[in-house]
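S.K.: These two chains come separately, so use the hints to put the complex back together.
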Amino acid sequence: MSGSSGRRKRKIRWSKLYSYGCFRPPHTLDSDPGQQLLGQPGFSRVVFCNEPQLHKAKPYKYPKNYVSTTKYNIVTFLPKALFEQFRRVANLYFLLAAVLSLNSFAPFNPISLIAPLVFVVGVSMIKEAVEDWHRFLQDLNVNSRTVRAHVGGGLFVEKTWQGLCVGDVVKVNKNEYFPSDLLLLSSSFEDGICYVETMNLDGETNLKVKRSSEATLDLANDQAFSEFKATILCEDPNPHLYTFVGNLELNCVTHPLCPATLLLRDSKLRNTDYIYGVVIFSGPDTKAVRNSTRSPSKRSRIERKMDLVIYLLFSMLLLISLITSTGFAVILKSQMAKWWYLSLQDDDLLFKPLKPGVSGFLQFVRALILYGYLIPISLYVSIEVVKVLQAMLINKDIELYDEVTCKSVQTRTSNLNEELGQVEMILTDKTGTLTCNQMEFRKCSIAGASYGGNINNIDRAASKRMNVEVESYRFSMDEFETQCQSFEMFDFSVADVSTKKAALAGQKHMQNSSADCSRISSAEGEPAIKGFNFWDDRLMNRKWVYRSNLFDVTMFFRVMALCHTGIPVDGDQAHKLKYEAESPEEVSFLIAAQEFGFQFFQRSQSVMYLKEFDPSSGKMVERKYKLLNLLEFCSARKRMSVIVSNEDDEIFLLCKGADKYVIFINNGRSYQQATTLHLSDYAEDGFRTLAFAYRKLDAVEYEKWNSIFTEAKTTVGPEREEVLIEASEMIEKDLILLGVAAIEDKLQKGVPECIDKLAQAGMKIWLLTGDKKETAINIGFSCSLLREDMKQFHLILGKESAASNRLKEMKEDILNQLEGFQKVKSEESNKDAPLALIVDGKALEIALRSDVKDQFLPLAVDCASVICCRVSPKQKALITRLVKEHTGKTTLAIGDGANDVGMIQEADIGVGISGMEGMQVSFEHDLRIARQPTYSLIILFSFSLVSKMLMLFKYSFLLRHYKHLLLKIAQAVMASDISLPQFRFLGRLLIVHGHWCYKRISKMILYFVYKNIAFGLTLFYYEVYTSFSGEVLYDDWYMALFNVILTSLPVISLGVLEQDVSSEVCLKFPALYQQGQKNIYFTWSRIIGWILNGIVASLVIFLANICTLSTFNKDGSFAEKAFAKDGNVADITHLGAMTYTCIIWTVNCQISLIITHFTWIQHLFIWGSIIIWYIFLFIYGALPPDISKRGFRVLSEALGPAPIYWLVTLLVVVVALLPYFIHIAIQRSFYPLDDHVIQEMKYCRKDIGKNNLIWEREQNNSVMMTQIGFSARVDARIRIMKENLNQKGQLIYRSVTSSPIFRSLTSSPI
Amino acid sequence: MRQIGVCLSPKVSLWFENLSSSLLLGLNLMEVDGGRILKVSSGAQSIPRHSRKHKAFYQFTQQSLPACKPVLTPAWVITTFLLMGVIFIPIGLITLHASENVVEIVDRYDTECVPEAFRSNKVAYIKDNSIPKNCSRYLKVYKHMKAPINIYYQLDNYFQNHRRYVKSKNDRQLLHGLGYNDTGSCKPEESNNGLPIVPCGLIAWSLFNDTYTLIRGRSELKVNRKNIAWKSDRDHKFGKSVYPFNFQNGTLMGGGKLHPRIPLSDQEDLIVWMRTAALPSFRKLYGRIEEDLNADDVVVVNVTNNYNTYSFGGKKKLILSTTGWLGGKNNFLGLACTSVGSSSIFISIVFLLLHMKNPRIL
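Line order of the protein sequences matches chains A and B. All residue numbers for the first sequence refer to our numbering, where the first residue is 1 and numbers rise by one. All residue numbers for the second sequence refer to our numbering, where the first residue is 1 and numbers rise by one.
Derived from the structure by calculation, the hints contain no laboratory data. Incorrect hints may appear among the rest.
As the list claims (entries may be wrong) - Here are the in silico distance ranges between beta carbons for each label pair:
no.	chain 1	residue 1	chain 2	residue 2	range
1	A	Phe361	B	Val71	50 to 60 Å
2	A	Ile1095	B	Ser185	32 to 42 Å
3	A	Gly1089	B	Lys240	53 to 63 Å
As the list claims (entries may be wrong) - Simulated pairs of lysine to aspartate or glutamate, DMTMM-like, Cα-Cα distance not exceeding 25 Å:
no.	chain 1	residue 1	chain 2	residue 2
4	A	Lys1125	B	Glu290
5	B	Lys231	A	Glu1197
6	A	Lys1125	B	Asp266
All residues carry an ideal CB built from backbone N, CA and C; glycine is no exception.
If we strip away everything but chain B, and leave its shape as in the complex, we get (with noise of 0.2 Å):
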């Protein structure tokens, strides 16, 4: 060891010997050994020299590992700014595209569904269970609607991301049932005499209640409701042998009621509607329609007016969307890719006229 250490410069030896002297201490970190050491004989001189390692961890010390330095000088500046641009407005072109392609019904029908005689006091009127909810709303289709159509009900002003409706839920007796019981965090909907509700809390009490038929013509558009929620909500988060026995059974009416005989992993409305959105403002699948509708075409929509959003003042809309690679229609990623990318441009050209008229002098 020590005559390998003669050998180098004596700072470099000095700094081996420090591992060296780690090697003695038996303090073997950094599996330094005299075998690391390579002796490269190139004709009659021989010249120790450091494993890639050693030399590693030496720059590393003295701060001098290689490094790259870019320094932004006016021609990368100007390079960058052209380059964002050549990039963002194509991107901006083709969302934008995609987004155009897309075509949207949207139909608000919470006020025009109540009759007339009940408009001054909504509240009443959908409280009253006695008085038929059923009501017709006819949609005319503007331009081809290729199949899959997704039908949405879309509520605003609902506060779906309220803390205290948020954690209203029990995901584990959901999954697992009766078996647990610790519902404490499904307060104030945990428990009807004495056992759990299942599902417990807030959300699921409140389930969306309208149905929407659809009508094309003389006959009646299939609606497939199968499918609507995510794949690894009804595998993995609802359970197959659940049932929601005691739902709504109690003193205080919420929303929806649900079939004690399916499983809950089967009732998607509910898994649709636990997934709480994140805005007060909200889309949520429905169904899907497995048919073409052409321009032109009238949907006649009998909704079942049920679920109270006239208490704090909410509306109620049927969308009837066909979805792009983008999903839904939304001009604003187009929007802004594309100002991004002009105004980059625009900006590498200024300072590209700046650089022309006073150049840097070094």
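Just chain A, same shape as in the assembly (with noise of 0.2 Å):
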């Protein structure tokens, strides 16, 4: 900003262009009843304004600026992090068999139970910190940021956000932050106003005005705040955004004090230069952070079914446990107590003959710690490691990252992952979600002729298709009968398609739109001027002088330049300038006004100045236009006008509103017809339309009605808005219509073909946004969401009962509405004929309540896609809440703003897109905290501790925090549990992430329950032959080692890199998507078909290791029997070690049959695991028997030279994984599954080369049943267009059947 143009602008007093708002009357201290209440409890707060100092005591001392969204700090992490990870059944049993361990009659030593426990536990718990640790880095940034702060004598320097203190005094530049809750004393303007950005707030994206008090105005420098002493009483903090009561004294006078004086943190200062501020709110105390909730912690459906599973294992568990138990009691009743080699005692309670039910209880609590295999104690660990390393992945995906913002893809719970496969639902907020909060001009309609191009991408894609069926068609033979005929038509649809494009010849952006259909969004092409998408020659380059209605389009042009509360700014360009407004609406008007030759170059109070472009003499001359009224948009008019003068004195009304409000009251042109028809192919392109009109009005009327606007303005009290809409529309009639403007609001790149995508996979699509219906069903179309032949419902409240205001009277509105609904939909022929419902917020108020509900429910989610327009942030959260517990399906929520934050962390899944904002924190800065020493330190330390598998990944989690470090996280995207750069990218995250994720966690956890019931059963089996009297066969180090070690790896391979198909078939495939939704890899069939499975491993293993070692004598009965060739015979330690052995080698066999998609890593940790066995048991051997006890030798004495051990292992593995093995066989060559259908064209190469087709028609087959998105839209074109035909074909059928020679020629006999 140049001094130039500030200078400019000081000479406007703002205030003075809103002209209801210097008329507005100052408050009063009585007129404000909050004002009395100050001093009471509540409002007792003492702020000295620029006396920080006061407030380092009591009872004036407030809390620091420095805010913390952690969860833990140093002294509060281990008890709490205990108490979370403590909460979990699971690790409750383990810690309980922990303790039991220490008792004499636990199977185990106790660190075999304690050490996985603590690892388990410790990795939970270490997971926690580095998030906490994240949050902290995240904190500090934002804390460390600087503003300028006054430190005495008129001096301000740079301070530290958290160094602030209350009554500190600051200087918000513009463009910054506020740093806490500031109460506005000054600013670059004289009458002390600012402007203000909330998105963070609200998700508001008009600017809001701020006013500071009068009497603080003259504080305009630095050196004003030398002297400057004040003090302000005011309320307690409060999360409530829109109310603040206070006073401020100055110099012994009272002054009252308005929200509107209020700044609030996390807000922008915008289109001020800058603004002085004393801070009254700090840190914890500011609004914003009062209003924040921590994001609930969320849970994914395949977790909470996996509890399930855990359950089933766990009563599985007592089973057997009570099978030892009373087979324990019994023998010990019955025969023990003949076993005289036992010896046993009275004086031993486990085994005691006379006791047997004590014993045998005792046996119980052992037996549970025993067969605790069976509950994977690893599971949860190794999801959580899976998860972190998915996300981690996913958030490295380089096609997930954005160029423009410099951002990429941010997992911020990992815990959702697959959740992320199986979503059903997405509801979606507009602004700065699906659209950029961009206005582009696109097109226009000047005295009933259309400018700017007709074919819409719709139109163009389908003709681009039907070309390719005719090729196919020509090439075709066996559909030679109404070959003839369509080719005429389709030639004939396509040449009129391309006499369309001849007629817009030299657009430059056509040729590249038609190239690629898959290019939808970008087919415009990017435009040369921000905010400005026009292509016309006939009014581009000053060619507009050769109208034949030049009159109308110099009005049209004007209207634009002159109609608006925008100012312009200095432009990049040497003659453009870049204008400043109150909505993005007007800033595109104002640049395109400025394109066509009108630029609007300066603003004083009362004259607005044109450089206009003159067709009399092809030059651009300066022209003064007087601004003598502005009327301000309001909602119930929605039209705003100017009145201004020009050079000869003519005074004009320059009006521009929505369309039903600018023609109802026009006095009819001859265009009028044209241009509504513009309007609604505007309105079916998804443009927003503004309609322009003019008045010119005569000196005695003009005044006439000022003297009556004025009065109107200066009225006090309640009536006064209705008063000035009434003055207002006195002066607004009998308009003339100009035409319509056509404004694009700006979708984000690639959102129709994301939103086509989801579609694809099956996802229906709700729209919640707080905007009005008109744009809210605009954004409809241009998304695609709706689509011409759709059955809309609008749901509304009526006008009487919406006056009416009584709750009864409303329902019974809405009930009605729905019950005709439902009739129509009943009517209608066709069932799958697409719906869509457009509900506006008041009444789905009246829906969602409890008793309405269970009837617009059904409705919506029945509909194809629903848009609710008007909608308050709560709705969005209720409407979020009633669909995810209505439907039972996953829903995702993605939003922005802060108005999305309950919907967000109401949603199974909360996506916030981290948006355009806070990108210019300085990138030196984070490198000085990244570079301090300590930090990564401590994150070294503690990735060191989770596993050595970590450490690889180390270093891309600290890149990710870095990076992270760099980025102001948006408010929707601290409650997110994923935050998106772009909206875009959400069909990648969903389609290729969510679905393989999905995959990974449910294959793995199936396997995981296999692995267990596999290995824990075998020692369930041996019970039987030990009377059950509770021996281990293992070794208690093989059993640590299990899950650690020998088996974790290659599933977490699995979890982490598994691939059913690549990434470009996901995206290519998006039915396979539906596979997650109708979640039919996590099946209770699949569940208990594992189980089985466990089941059928764990007896072949166990009985093949008991044949093998036994001999078979004629009797029927088997004894043990010699080893190998010296005659010795097996033990214990033996049988133990060669089961083990067969356990290892086909848990890890049966994952390699699993996993579809090795890369070297999977093979490593497979075979390696195999491999570390057999490294193991040689070591575990060679050390000396003190420690090795029973296992000393094992493999290198006994089981190494024997070769019934390794032929055991190979007959094993084979017979074990027989029955899987068949089951894959069957299900692949007979049942097969859409991912097995492609996984074998993938192989076979069928995707490629001659077979195209095959590989086509799948794709087309996968796509059938979409009713939204752009495609289907396509399609639906395509369908009318090829109905037309029919229709002409049969009529031409039946004009030629009905004519008198056919008619001889058929009935005369031959």
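M.R.: This is how it looks when you write it as structure tokens:
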């Protein structure tokens, strides 16, 4: 901002522009009931401005401006985190087992139970700690931003945010965030107003005006603060964003303060050079912080189901423990007493034949611990590790990196990864999510002629597809019957389209747009000028001067250039200006006007200056327009007007507004009908339309009206608004329509494609927006949520019931409407006809009431798309919850503003758009933090604890985290589970990563269940052979290593790297995603199947080993026999090691059957695990017998040289895997699933080369059922075209058959 | 660094900048340095290329590591089953053959060795020390047995794997003798007159004490009773200077006694017995006959029937057995392999037929 424009701006009393504002009567003490409360409880805060030192001691000691979002601190971490961990049932069970294992009768030594538990809990806690550490760093980043604060003597120095104190006077510059809640003292504008963007707080994109108290207006420069002292008495900290009560005591005069004087933390200064403010609420007291809620911890569906599986396993555990203890008690009572070699004595409670019940019970407890391997202790920790790694890979995905904002996707909570693969409902916000809140001038219709192109993308894509089909028709000889006719028709339609194209010759974007169907939204090409995407040779480059109705065109441009509230700022180009205005629409109009040669370049208090292109002279001339009145936009009138007089003292009223509200009061001109037609065309393309009109006033009439208006403006009281509207309406009549302009609320890049993909993947998309209905419908069309042939239901409160404001009537109204819809729906002949529901906020409030929602929700869920407009943040959250509860489907909410926070937190998955805000955090600053060695050391240390494997990723973790620092996270992002830089990434996130993660996690859990059953049950079977005495087959070490080392890495590689199909194929076949929605990989039949598989495997393993070691006597009994050539017999150790070897082989080979994607990592882990087992066994055996005990030289001396050891391993592995192998062989050959077919096609290279048609056919089949989205819309259009063709064909046929010649030919007997 | 980054495609360079930023941060974890970027100048164009490590890491993060994706096509199914059959049937046949070559003579003697008069009360018989326990058994060799012939005793329904039993020993005491006084695990056979029993515990206490002498024709067969235990046990688990000086001196008499002058490492009967069997029916090596037995030889076994299995209904058997490369006689492995192999071939044929009948069309 250069000085000159600053000065220019300084001349304008902004408040005077808003013609109502300057006459607004000042607040008086008694007018506001809140003022009287001051000093009472709840309103007791005292702030000494400019004297922060007074706030260093009690009683005025307020918290520092340090904001903390961390869950723990160093002291509370241990108890709190431990408590969190042991809230998990499984962990509690293992804790109990560990405690019991300290007892003498426990089957294992305590270490082998405690170590895994410590590991499991430790890893989870470290994960918590690291996550909290990230939050801490993020806080640190925010807290160490700087702001200029007054240190005395009029000197302002940079101070960190956290160093701020209540009472500090700060100076905030343009586009900076407010460090805390400030009281506005003065601004760069004389009248002390400033503009504030509150996007982060409430999601509204319009700038808000804040106004300082009159008393402090003169504090306009740094020096003025050297002597400034004042006392503020105000309310206590509270979370209400829109209220504030306080008094400013300056020089013994009390001035009231209103909410308009309060600048809130998390909002941003806009359009204002600088402001001075005093800190009144700091840190945790600020309204923004008070308003934030910690996002609730969410658990994925699969994890919840996994709990049930764990319960199932637990009941299995109880069952076999019960069998063990009963068996033990029976044998103890009936037989064991006779076994003299046990020398049972009465002192041993564990084996007391006289009291078998007690011994049986103790045996039961022991069995619970012994068979604990059925409950996979490491499942939880493996899942945690896997999810963190998955999240990291998602974050690293370069395809999800936005080069514009330099941000990538951030999975903020990793425990919802697999939930991403099951989403069925997407609830999305509009502004900032689908659209980028940037308006572009796209088309206009002036005096009945439409400019800016006619064809929309849908037609273009449809015609292109028809072209292709014509080609294929030409080559197919089968359908020769209709061929000739259809040829002509197709050719005609294509020709039609191409003539249209030709008509718009010179339109640059047409060429590249038709080039590629898939690049739908980018088809327009990036406009050269931001906010102006308009191509028409008839208007561009001053060619409009040749139009016949030159006056209308000129007036049209004048309305654009004059009817607004914007101001020019310096542009980057020499002759082009940039503008700032309250709404982005106005900016785009100003830019468009500038392009057409009507440059608005200066505004003074009452004069607007234009540089106009004069058609007669062909030169730019400067013209002055006196601004007489400005009739502000209001929601009742839906239009705004200015009254200006030009240099010839002609007075014009220039008006722009919503079409309905402008056209209906114009006096009618010949081109009105044409304009209306254009309007509906534009609306279908999803453009926002505004009608322009003008009226010429004569001086007398104006004077008369002006006096009425001035009187209205000075009215005080509640009826003021109405009076003003009445006065405005008096003059805004008899308007002459000039035309309409179409503004595109620009969709973010790739949004339509993304929605298309999501729709094909079977997801339903609901649009929830705070915008008005028309805008919402516009966007619905532009991103293909709506299409022309859809039946639209509009659920809106009727005028009468809304006016009556009585609940009962409103309810009846809604119920009636719903009933009507149901009727229409049931009468609809075509059951698959797509329906759309459009609900208004007020109607929604009624519809969501408990007694109405049962009618409403089923209807809404049935509709292909639902659009809710004018909904409040609270309603968004409510809808989300109700939809989630009613349908039981996985919902995903996506939004960017703080108004979406409720929805994001309520949904199963909340996604935040990290947006464009806050990019300017200095990089050096972050590097400074990052360089501090202690932090990185702590991170290093904590990670080295996790496990060696994580070391590999440590560094990418760090990277992510430093990148993280560069982001200022908006509130929606803070509340979200995943943040995306752009909406378009949602497609890849869900369809690729979600799909993968879903399959990975479900396969992983099932395999875990399998492997623990296969292992745990062998312990049980062995009990049968030991008279249920509770002897353990395996060495303690084998047991401890099983889950921790020998089988953990392969399953982690399954969880992290498994891909059923590659990402490209995922995107080509979005229908694959439906596997996750139907949850076919984690059904109960699958779970039971895997449990049975585990049981079979354990039986095979155990029995084969027993049988191998035994010899069968003739009398049917069998006994252990010689083990190897030297005649020695195996003992428990050998049996244990053999069985264990078989288990390791079986479970590791089983996972290699599950994995379909082998990189070297999987190979390394799977085969490495098996090798590690042998290495371990060897090393363990080589240790002195004091340590290795029974395992001494077990491999080198006994097992290794024995051929049967190796032979039985081979046999067991094959037999144990045979059932599963046969199952998948049959399934793949005879009942293949979608992914199997695709895999096989890919494998046989059917996707490339000649057989491409099959590949495409599959692709088309997979998207057949979709109702919404771009492709579906194109399909529908093609269907309509074809129907038309058919009808024409039939018509011809009929005309031929009904012709007398034909009749005579057919009827004449031969 | 920056220059190189610029040459790369935007995405790659971005990723690369991440790497280089880690350098800036001084966190040189992956040993990233500029030197690893190789500049390959081929002709006029010089293309910057990542070193292999970088490329692999990039592929890893993008989940695009080269991978083999085996798909179970019908052809694979048929081949796999066929292959399994081809492998398993020969293995099974060889194993069966090996098992069939093992000659095994089993003789149960626990009931026969009780005199008729005591048959109704065997327990009283076995507990009465005054009655001589000698008994002779006649074994007929039905097939030529090649030396070495192992002599086993087999006990049935004897739970050596009972938890109370298994843990009732002290490994350290066995190795170091009285140096270790903590014999808590040996309960209830841990001490006698204030001194720990060596060797302590139920296992040692219940030592098997039947003895066998084998006579063929006139001459006594020499039974080698050395090297019947695992070598590692003898060398490392049982002390060379540990003597069972107070073994079986207690009030309650268990099984066999040990010679108090022979160190534990040479008491191989004990060592064999101390290897607790995995199953309730087990054999243990008694000794080896170092000469061949011919078919139709009759071997007279003089048994001293000391060990009490009568009180719990256990059986005692004497076994003479040769060993093959598979160890003792066992048909299970052979049968299992053969049946797995043949059923695999069967399944393979079924799949082949099904596939021929309605082949997969993609």
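S.K.: Now tell me if each hint is right for this structure.
M.R.: The hints, checked one at a time:
Between Phe361/A and Val71/B the CB atoms are about 53 Å apart, so this pair conforms to the stated range of 50 to 60 Å. Restraint check, Ile1095/A to Ser185/B: a C-beta distance of roughly 35 Å satisfies the suggested window 32 to 42 Å. One distance hint, 53 to 63 Å for the beta-carbon pair Gly1089/A and Lys240/B, holds here, with the actual separation near 57 Å. Under the criterion of a C-alpha separation no larger than 25 Å, the hint pairing Lys1125/A with Glu290/B is consistent with the structure, at around 15 Å.
Restraint check: the Cα-Cα separation between Lys231/B and Glu1197/A comes to about 8 Å, which is no more than 25 Å; the hinted pair holds. Straight-line distance between C-alpha atoms of Lys1125/A and Asp266/B comes to about 22 Å, which keeps the hinted pair within the 25 Å bound.
Consistency note: the structure conflicts with none of the earlier hints.
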